[in-house]
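2 protein chains.
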Amino acid sequence: MEKNKVIKAALLGVGTVGGGVYKLVKRQKEEFRHKIGTDLEIAKILVRDAAKERPGIDSELLTDNWQEILKDDSIEIVIEVMGGIEPARTYILEALRAGKNVVTANKDLLAEHGKELMDEAKEMDRDLLFEAAVAGGIPIIRPLKQCLAGNYITEVMGIVNGTTNFILSKMTYEGMDFEDALKIAQDLGYAEADPTADVEGYDAGRKIAIMASIAFNSRVTFSDVYTEGITKISALDIEYADNLDCVIKLLGVARHKEDGIEVLVHPMLISKKHPLASVDDSFNAVYVHGDAVGDTMFYGRGAGELPTASAVMGDVIDTARNIVYHCTGRIACSCYKDIPVKKVDDIKSKFFLRMVVSNTPGVLANIASVFGNNGVGLERVLQQKVEKEKAEIVVVTYPVEERHLRDSLRIFDGMSIIKNIPAIIRVYGE
Amino acid sequence: MEKNKVIKAALLGVGTVGGGVYKLVKRQKEEFRHKIGTDLEIAKILVRDAAKERPGIDSELLTDNWQEILKDDSIEIVIEVMGGIEPARTYILEALRAGKNVVTANKDLLAEHGKELMDEAKEMDRDLLFEAAVAGGIPIIRPLKQCLAGNYITEVMGIVNGTTNFILSKMTYEGMDFEDALKIAQDLGYAEADPTADVEGYDAGRKIAIMASIAFNSRVTFSDVYTEGITKISALDIEYADNLDCVIKLLGVARHKEDGIEVLVHPMLISKKHPLASVDDSFNAVYVHGDAVGDTMFYGRGAGELPTASAVMGDVIDTARNIVYHCTGRIACSCYKDIPVKKVDDIKSKFFLRMVVSNTPGVLANIASVFGNNGVGLERVLQQKVEKEKAEIVVVTYPVEERHLRDSLRIFDGMSIIKNIPAIIRVYGE
Chain A
4 MEKNKVIKAA LLGVGTVGGG VYKLVKRQKE EFRHKIGTDL EIAKILVRDA AKERPGIDSE
64 LLTDNWQEIL KDDSIEIVIE VMGGIEPART YILEALRAGK NVVTANKDLL AEHGKELMDE
124 AKEMDRDLLF EAAVAGGIPI IRPLKQCLAG NYITEVMGIV NGTTNFILSK MTYEGMDFED
184 ALKIAQDLGY AEADPTADVE GYDAGRKIAI MASIAFNSRV TFSDVYTEGI TKISALDIEY
244 ADNLDCVIKL LGVARHKEDG IEVLVHPMLI SKKHPLASVD DSFNAVYVHG DAVGDTMFYG
304 RGAGELPTAS AVMGDVIDTA RNIVYHCTGR IACSCYKDIP VKKVDDIKSK FFLRMVVSNT
364 PGVLANIASV FGNNGVGLER VLQQKVEKEK AEIVVVTYPV EERHLRDSLR IFDGMSIIKN
424 IPAIIRVYGE
Chain B
4 MEKNKVIKAA LLGVGTVGGG VYKLVKRQKE EFRHKIGTDL EIAKILVRDA AKERPGIDSE
64 LLTDNWQEIL KDDSIEIVIE VMGGIEPART YILEALRAGK NVVTANKDLL AEHGKELMDE
124 AKEMDRDLLF EAAVAGGIPI IRPLKQCLAG NYITEVMGIV NGTTNFILSK MTYEGMDFED
184 ALKIAQDLGY AEADPTADVE GYDAGRKIAI MASIAFNSRV TFSDVYTEGI TKISALDIEY
244 ADNLDCVIKL LGVARHKEDG IEVLVHPMLI SKKHPLASVD DSFNAVYVHG DAVGDTMFYG
304 RGAGELPTAS AVMGDVIDTA RNIVYHCTGR IACSCYKDIP VKKVDDIKSK FFLRMVVSNT
364 PGVLANIASV FGNNGVGLER VLQQKVEKEK AEIVVVTYPV EERHLRDSLR IFDGMSIIKN
424 IPAIIRVYGE
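Protein chains in written order, with the working numbering: chain A, 4 to 433; chain B, 4 to 433.
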């Protein structure tokens with residue numbers, strides 16, 4: 004163990020998260036000596052425009068020249084908080100090749116190029132840590148990789164997008180429609196002007212890909228993830244869910260089944276008794292089931308300056324400790340299996356369907372027989388709202404492979420008594 | 004990094020948790036090569052009676068001779084799951100001095116002799132890991148020590164005793180009295196024949212002492228913890244709590260305030276909206292507030308064979324990795340501060356009091372004036388149940404230093420209009 008030195012880190016990017024990291028490094032100055040045995044300092048900060056004034060940031064640290072950081076051998080840790088695929092990918096690869104350790108919060112990059120980056124880190128025996136890439140401040144990567152390492156993890160399920168959870172909470176507790184709730188989220192800065200990545204489930208998809216890779220020790224990339232967003236969820240669906248003693252959440256779901264990995268993002272009806280059901284507003288939570296530990300859940304702030312910086316700092320302190328103890332790379336890529344990812348057609352789920360149908364005798368019998376002929380069992384049928392010529396039928400199926408449901412839907416498509424199917428939402432449970 | 008060797012561990016004790024660890028080591032045999040880079044095996048098991056047959060356990064591993072393990076230099080990890088203070092303390096100290104790493108689930112020992120053990124581990128640069136000592140399978144020690152290392156943690160609050168949580172859940176949801184709920188807990192094996200350590204809060208007290216030490220980087224021992232159990236909680240108190248939109252939970256509470264550390268175990272009214280409120284039955288959860296991360300919570304099984312073994316295995320795999328990378332001792336004792344622990348008298352809380360009083364005019368004014376004269380502000384006053392000559396007054400105070408409350412109680416003691424004060428329970432909040 005090497006004491007009394009200074010460990011130098013460089014920040015790539017000093018936006019929201021980078022600014023938070025900069026603050027925490029200053030705030031924890033005294034603590035580092037005790038926690039790591041050395042001082043820790045931010046020696047350089049890479050920005051696009053080094054001339055721009057940034058309040059609270061020592062302008063002497065700013066540089067717009069990556070080579071200046073890359074070639075500085077005194078910098079042992081690169082903290083990548085710039086986001087996006089390029090140039091972040093190139094910088095991280097170059098940093099690792101130069102023998103630096105990397106801490107990143109970049110979920111987009113990891114969910115697409117994780118293998119390439121992890122391979123390089125392993126080759127160089129350096130740390131590549133990314134606690135902040137999933138669920139912001141919530142400790143989840145280290146618990147999955149280390150604390151639960153004695154388990155076969157069979158399920159990871161998370162509310163990992165605060166924007167959509169905020170929108171769904173507004174819809175649930177204030178009866179708002181999606182568009183109104185989205186507007187409020189945008190006004191409050193929770194949702195971006197183009198909210199696609201959040202509301203279509205892409206952001207959650209990247210996070211669940213990363214968690215699935217770690218939990219099941221097998222590489223899952225974003226392109227493996229089936230995603231479905233919340234734009235079609237209506238206040239009426241939420242009301243029906245409530246009648247079924249459920250709430251609707253946007254969930255990232257990953258399961259290790261005998262025939263492969265299932266990995267999806269979609270809205271889901273989940274019992275109010277499930278611990279995830281009471282995770283509201285912009286909070287995140289990840290629920291994990293392991294064969295030994297049983298059910299566990301990790302809850303907290305999934306985004307924001309300081310929560311995300313908290314996760315980055317945990318990693319920075321850990322890698323600094325590894326530098327001191329000459330054991331960087333001690334926890335390398337854990338994807339040592341090659342488990343196939345199942346097609347969504349082959350995944351079993353329970354479904355909630357809200358169908359607008361002709362208000363004629365025999366319509367329910369017709370629907371039931373189509374489901375029956377396609378092997379779709381019905382657990383519940385409600386026929387609650389009836390207009391003059393239309394009825395609304397709500398069914399909850401037993402777990403069924405998705406292709407059987409789709410076969411039924413194709414037949415409904417050609418039936419004049421079925422006017423419209425405004426909602427098809429998965430339901431948690433066996 | 005040293006690959007392709009076998010790391011040998013010895014189990015001290017093979018009861019519930021030890022049996023679970025033995026099972027998991029077998030179950031995960033194939034995984035170790037990938038996770039650690041070596042094989043991992045249980046080479047010896049220390050028991051009192053080596054001749055006793057133990058189904059499922061290889062009898063050749065059993066020994067009743069500690070020296071056989073201590074002197075065996077091929078054994079690099081000692082897993083202490085025997086419990087109790089002695090001989091566990093001596094064995095752990097001897098193991099560390101012999102250069103072995105130690106994983107323990109022994110909260111009693113750590114809460115009393117933690118410093119001595121940690122000092123020895125530090126001296127020898129060996130690992131002393133104890134994830135299983137607090138909240139069973141829930142990852143909490145590693146998150147506190149590593150993931151949240153960039154925070155000043157100000158509050159840790161946990162439901163860390165499954166027995167009392169089960170009893171309180173029965174009382175809350177089925178209207179049972181304490182004695183009946185305890186009986187059921189005993190019949191189900193959740194509570195021991197002598198339930199004192201659980202119901203009086205001693206078990207929770209040991210766990211909160213350990214968590215406080217880590218969270219605040221300052222040694223807190225069990226003797227610093229003020230404990231109050233749940234034996235006096237009645238179904239009526241739970242009903243009143245419900246009216247106040249609260250539930251009653253037995254909480255381990257640790258706060259870092261400007262004037263010192265507060266560390267207590269007591270029943271508490273907590274808002275139904277708080278994430279801890281819905282942690283029911285034998286589940287545990289630990290809620291942590293850090294200056295950067297904000298609120299986080301960790302939820303899961305706090306006891307049981309495999310959940311606890313899961314935590315032990317996480318530690319075993321971690322120390323095995325450190326052995327491979329020659330970096331044992333990389334995370335040593337983190338109690339580098341010396342913050343005073345406050346006396347309970349000086350700790351501010353809100354209180355719920357249920358008082359049986361004479362049903363005479365002016366009694367409420369009398370009570371209010373005693374509180375007022377002693378600096379105790381009242382947030383709520385209810386006078387709900389009235390018998391012939393008795394009234395029941397329930398008050399909720401504003402936060403007040405405990406000694407002011409006790410001053411009031413001393414005066415009530417001498418007042419004939421106060422018949423009895425059957426419940427004094429703390430209330431969460433500012």
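Any given hint could be a false lead.
One copy or two, it doesn't matter: identical chains are merged, so the pair holds either way.
[What the hints assert, rightly or not] Derived EDC-like pairs (lysine to aspartate or glutamate); straight-line CA-CA distance at most 20 angstroms: (1) Lys148 x Glu119; (2) Lys275 x Glu177; (3) Lys260 x Glu33; (4) Lys235 x Glu56; (5) Lys276 x Asp245; (6) Lys186 x Asp410; (7) Lys29 x Glu71.
It should be emphasised that the hints constitute simulated quantities derived from the structure, not laboratory data.
This structure is a prediction, so every number in the text was calculated from the model and none was measured.
Verification of the supplied hints:
1. In the homo-oligomer, the alpha carbons of lysine 148 and glutamate 119 lie at most 20 angstroms apart inside one protomer (19 angstroms), although the nearest pairing across protomers, at 30 angstroms, exceeds that limit.
2. In this homomeric assembly, lysine 275 and glutamate 177 come within 20 angstroms of each other (Cα to Cα) both inside a single copy, at 17 angstroms, and across copies, at 19 angstroms.
3. Taking the shortest Cα distances, lysine 260 and glutamate 33 sit within 20 angstroms of each other only across copies (19 angstroms), while inside one copy they are farther apart (48 angstroms).
4. Neither within a single protomer nor between protomers do lysine 235 and glutamate 56 lie at most 20 angstroms apart by alpha-carbon distance, with minima of 44 angstroms and 62 angstroms respectively.
5. Proximity of lysine 276 and aspartate 245 under a CA criterion of 20 angstroms is satisfied in both settings, with 12 angstroms inside one chain copy and 18 angstroms between copies.
6. Taking identical chains as interchangeable, the C-alpha atoms of lysine 186 and aspartate 410 are never at most 20 angstroms apart, the minima being 37 angstroms within one chain and 54 angstroms between chains.
7. For the identical chains of this complex, lysine 29 and glutamate 71 are neighbours neither inside a copy (23 angstroms) nor across copies (51 angstroms), given an alpha-carbon limit of 20 angstroms.
In the structure shown, a violation is registered for the earlier hints numbered 4, 6 and 7, in ascending order.
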